[in-house]
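Novice: Chains as they are written, first to last, in the numbering used here: chain A, 587 to 810; chain B, 414 to 765.
Calculated directly from the structure, the hints in this document are not laboratory data.
Everything numeric in this text was worked out from a predicted model, so none of it was measured.
Built from N, CA and C at the ideal position, the CB exists for glycine as well.
Each hint should be verified, as a subset may be incorrect.
[Said to hold, decoys possible] Calculated cross-link-like contacts (lysine-lysine; reagent style DSS-like; alpha-carbon spacing at most 27 Å):
{"hint": "1", "chain 1": "B", "residue 1": "K670", "chain 2": "A", "residue 2": "K786"}
{"hint": "2", "chain 1": "A", "residue 1": "K627", "chain 2": "A", "residue 2": "K604"}
{"hint": "3", "chain 1": "A", "residue 1": "K763", "chain 2": "B", "residue 2": "K670"}
{"hint": "4", "chain 1": "A", "residue 1": "K786", "chain 2": "A", "residue 2": "K763"}
{"hint": "5", "chain 1": "A", "residue 1": "K763", "chain 2": "A", "residue 2": "K794"}
{"hint": "6", "chain 1": "A", "residue 1": "K807", "chain 2": "A", "residue 2": "K604"}
{"hint": "7", "chain 1": "B", "residue 1": "K612", "chain 2": "A", "residue 2": "K763"}
{"hint": "8", "chain 1": "A", "residue 1": "K786", "chain 2": "A", "residue 2": "K807"}
{"hint": "9", "chain 1": "B", "residue 1": "K670", "chain 2": "B", "residue 2": "K752"}
[What the hints assert, rightly or not] Taking CB as the label site, the calculated pair distances span:
{"hint": "10", "chain 1": "B", "residue 1": "E587", "chain 2": "A", "residue 2": "S647", "range": "35 to 43 Å"}
{"hint": "11", "chain 1": "B", "residue 1": "R745", "chain 2": "A", "residue 2": "A658", "range": "48 to 56 Å"}
{"hint": "12", "chain 1": "B", "residue 1": "T764", "chain 2": "A", "residue 2": "G610", "range": "55 to 63 Å"}
{"hint": "13", "chain 1": "A", "residue 1": "A738", "chain 2": "B", "residue 2": "M531", "range": "28 to 36 Å"}
{"hint": "14", "chain 1": "B", "residue 1": "G727", "chain 2": "A", "residue 2": "D777", "range": "14 to 22 Å"}
{"hint": "15", "chain 1": "B", "residue 1": "L591", "chain 2": "A", "residue 2": "D766", "range": "53 to 61 Å"}
{"hint": "16", "chain 1": "B", "residue 1": "L591", "chain 2": "A", "residue 2": "T737", "range": "28 to 36 Å"}
{"hint": "17", "chain 1": "B", "residue 1": "F545", "chain 2": "A", "residue 2": "V712", "range": "37 to 45 Å"}
{"hint": "18", "chain 1": "A", "residue 1": "S647", "chain 2": "B", "residue 2": "E614", "range": "27 to 35 Å"}
{"hint": "19", "chain 1": "B", "residue 1": "G516", "chain 2": "A", "residue 2": "E675", "range": "42 to 50 Å"}
{"hint": "20", "chain 1": "A", "residue 1": "K596", "chain 2": "B", "residue 2": "L524", "range": "50 to 58 Å"}
{"hint": "21", "chain 1": "B", "residue 1": "L705", "chain 2": "A", "residue 2": "V799", "range": "18 to 26 Å"}
{"hint": "22", "chain 1": "B", "residue 1": "H548", "chain 2": "A", "residue 2": "G752", "range": "54 to 62 Å"}
[To be verified] Covered stretches of chain A (chain B as the covering partner; in silico rule of three or more C-beta atoms under 8 Å from a C-beta of chain B):
{"hint": "23", "segment": "598-606"}
{"hint": "24", "segment": "770-779"}
This is what each chain is made of:
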Amino acid sequence: MRVLVVEDEKKTASFVRKALQSEGFAVDACHNGDDALAAAKSTPFDVIVLDIMLPGRDGLSVLRQLRERRDATPILLLSARGEVNERVEGLNAGADDYLPKPFELAELVARVRALGRRGGDNKSPVLRVADLTLDTLTRRAQRGGAEIELTAREYRLLEFLMRSAGRLCGRMMILEKVWDYDFDPGTNLVDVYVRRLREKIDAGFEPKLLHTVRGAGYLLKAQP
Amino acid sequence: MTIRTRLTFWYAGVLTVSLLIIGLGTYREIDEQLRHAHRRAPAEHAIYETSDMVFQGGLPAVALGLLGGWWLTRKALAPVSKLTEAITRVHERNLREPLPRTGSGDEFDRLTEVFNAMLARLDDSFNRVREFSLHASHELKTPLTVLCGETETALRDESLSPAERERFVSQLDELHRLARIVDGLTLLARADAGQVELKLEPVGLDELVRDNFADAQILADPQHIRVELDGCEPLTVRGDRHRLRQLLLNLADNAVKYNQPQGHVTMGLRRADGAAEFTIANTGTGISPESLPRVFDRFYRGDPAHSHAVDGCGLGLSIARWIVLAHQGTIRIGSGPSKLTTVTVRLPLDTK
Chain A
587 MRVLVVEDEK KTASFVRKAL QSEGFAVDAC HNGDDALAAA KSTPFDVIVL DIMLPGRDGL
647 SVLRQLRERR DATPILLLSA RGEVNERVEG LNAGADDYLP KPFELAELVA RVRALGRRGG
707 DNKSPVLRVA DLTLDTLTRR AQRGGAEIEL TAREYRLLEF LMRSAGRLCG RMMILEKVWD
767 YDFDPGTNLV DVYVRRLREK IDAGFEPKLL HTVRGAGYLL KAQP
Chain B
414 MTIRTRLTFW YAGVLTVSLL IIGLGTYREI DEQLRHAHRR APAEHAIYET SDMVFQGGLP
474 AVALGLLGGW WLTRKALAPV SKLTEAITRV HERNLREPLP RTGSGDEFDR LTEVFNAMLA
534 RLDDSFNRVR EFSLHASHEL KTPLTVLCGE TETALRDESL SPAERERFVS QLDELHRLAR
594 IVDGLTLLAR ADAGQVELKL EPVGLDELVR DNFADAQILA DPQHIRVELD GCEPLTVRGD
654 RHRLRQLLLN LADNAVKYNQ PQGHVTMGLR RADGAAEFTI ANTGTGISPE SLPRVFDRFY
714 RGDPAHSHAV DGCGLGLSIA RWIVLAHQGT IRIGSGPSKL TTVTVRLPLD TK
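Work out the full structure, taking the sequences as your base and the hints as a guide.
Specialist: Set out below in structure tokens:
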């Protein structure tokens with residue numbers, strides 16, 4: 587997958603690029619809006635990571651220009667302002683996702699990966715990771731044939747984690763998709779919910795499926 | 414004693430003294446004339462005539478004068494009363510609105526003008542402080558992003574020893590906490606500057622409270638704190654769904670954080686005096702009466718003994734209060750002798 591990172595702050599651009607490269611992405615970087623438009627014209631990217639505050643032409647203007655040229659490349663907006671209106675404005679202008687600064691690197695990588703895979707999602711109503719299954723039609727979860735009782739919230743959490751199986755899920759991402767929070771409530775809600783979910787799906791079973799990546803987020807996968 | 418009463422007394426005094434002087438003058442004049450006319454007229458005649466004049470002409474004149482004075486002082490001091498009333502309404506948030514001027518160019522008009530100029534200067538300083546906080550919180554985000562990113566990058570190094578890894582992880586935890594503080598500050602700074610728009614819509618508060626109840630139970634579980642829902646009437650308010658959820662979660666989080674192991678939290682939603690009233694009570698060490706009025710202040714931590722025991726950004730209740738006030742509601746906190754701390758939020762009902 588090829589990713590374009592548009593960020594004027596050199597250090598941020600550098601570690602974002604390194605992180606994405608270490609995950610196996612091919613990464614191009616540029617530091618202003620006009621270069622970004624030129625790069626997007628000459629190379630087809632799978633995802634564009636676009637900072638809103640850029641010198642000269644700002645990120646929102648780049649975004650609108652791209653959409654006007656019928657370029658549908660998935661775009662992840664970054665912003666230091668983190669205003670709700672800005673988020674809405676960005677999404678309305680055609681962005682696919684929005685991440686306020688300061689963000690967690692793992693979160694950014696997870697989102698880029700999610701955007702890159704968009705459209706290729708598993709359409710089957712039954713999600714499966716090892717011997718854990720989740721039927722999204724009947725909302726039933728089973729592990730090793732044994733029924734698992736889930737509350738509505740736990741179900742949403744498990745569905746999200748299973749749909750992202752094998753990929754790291756950041757805390758903010760979970761709050762957004764499972765709780766619809768677009769703010770960081772500053773509680774350990776996610777951690778506590780994940781702990782409870784882990785007790786339900788992992789206690790007494792091998793291998794363990796739900797893993798914590800400290801300082802980064804959570805990961806559901808069969809192999810440790 | 415008001416200026417008006419004082420002026421009236423002085424006026425009465427001046428008039429009475431004038432009346433006495435005029436009376437004395439008249440008496441001597443009449444006495445003189447009588448002496449000329451009759452040579453040996455009795456002195457009483459002069460006194461009678463003078464007192465006649467003083468009582469029949471002078472006193473009514475004094476009374477009339479006093480009434481006029483009473484009216485005049487009222488008229489003269491009316492701008493002062495108006496100014497007082499207008500100044501009472503001056504508040505940190507409406508400094509930009511100048512006091513109404515009469516435009517007559519008199520002393521009071523000039524006073525109003527000077528006062529308005531002072532308000533403008535105050536408004537300027539307030540704005541500068543607000544802008545400063547706003548810029549500061551923006552400026553902090555870029556280096557924070559770099560710090561978080563580089564620490565996370567360092568953590569990816571497989572060759573780190575467990576001790577080094579632990580150090581980086583703890584550093585990252587603190588960085589995330591700093592990031593939350595900066596986030597909270599940005600929100601409050603923008604709210605102060607009137608830059609946060611609420612997306613108002615009819616919101617079923619009971620549904621949010623039930624959701625929040627479920628989250629609170631989960632949050633309280635590790636400390637074995639019992640959470641109860643004591644009534645949840647179906648009530649609709651006009652508000653911003655996200656902000657109201659943030660409000661409820663902040664309060665629930667506080668009720669759990671400042672609790673004791675095996676303690677309990679009780680929340681409830683009911684209609685009270687035509688408003689939706691949400692209450693949340695928790696056991697714990699309680700709050701001292703001198704701390705109570707300050708708990709909504711930014712970064713206020715109460716008594717230092719347990720301020721370090723609880724991790725948080727110190728802005729939760731300030732944000733909660735802002736959300737309530739932005740919804741034209743009220744928020745109160747009380748701490749009883751039973752060490753039960755109760756927060757009561759009232760929000761106006763949606764009247765369609």
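Novice: Within 55 to 63 Å: is that where the Cβ-Cβ distance between T764/B and G610/A falls?
Specialist: Holds - the Cβ-Cβ distance for T764/B and G610/A, about 57 Å, lies within 55 to 63 Å.
Novice: Going straight from one Cα to the other, do K670/B and K752/B come out at no more than 27 Å?
Specialist: holds, 15 Å
Novice: Kindly confirm whether 54 to 62 Å is satisfied by the beta carbon distance between H548/B and G752/A.
Specialist: violated, 42 Å
Novice: Measuring from beta carbon to beta carbon, are A738/A and M531/B in 28 to 36 Å?
Specialist: Once the Cβ atoms are compared, 58 Å apart, the range 28 to 36 Å for M531/B and A738/A is violated.
Novice: Honestly, do L591/B and D766/A meet the 53 to 61 Å range at C-beta?
Specialist: The hinted range 53 to 61 Å is violated for L591/B and D766/A, with Cβ atoms some 26 Å apart.
Novice: CA of K627/A to CA of K604/A, is that 27 Å or under?
Specialist: holds, 24 Å
Novice: Looking only at beta-carbon atoms, does the pair L591/B, T737/A fall within the given range of 28 to 36 Å?
Specialist: holds, 33 Å
Novice: Tell me if the straight-line CA distance from K763/A to K670/B falls inside 27 Å.
Specialist: holds, 25 Å
Novice: Is 42 to 50 Å respected by the C-beta to C-beta distance linking G516/B and E675/A?
Specialist: holds, 44 Å
Novice: Is it true that the CA of K612/B sits at most 27 Å from the CA of K763/A?
Specialist: Roughly 20 Å separates the two Cα atoms, so the pair holds.
Novice: For the hint 14 to 22 Å, verify it against the beta carbon of G727/B and that of D777/A.
Specialist: For G727/B and D777/A the Cβ distance comes to about 20 Å; the hint holds.
Novice: Regarding F545/B and V712/A, is the given constraint of 37 to 45 Å on their beta-carbon distance met?
Specialist: Cβ of F545/B to Cβ of V712/A: about 56 Å, so the range 37 to 45 Å is violated.
Going through the hint list in order, the structure does not satisfy hints 13, 15, 17, 21 and 22.
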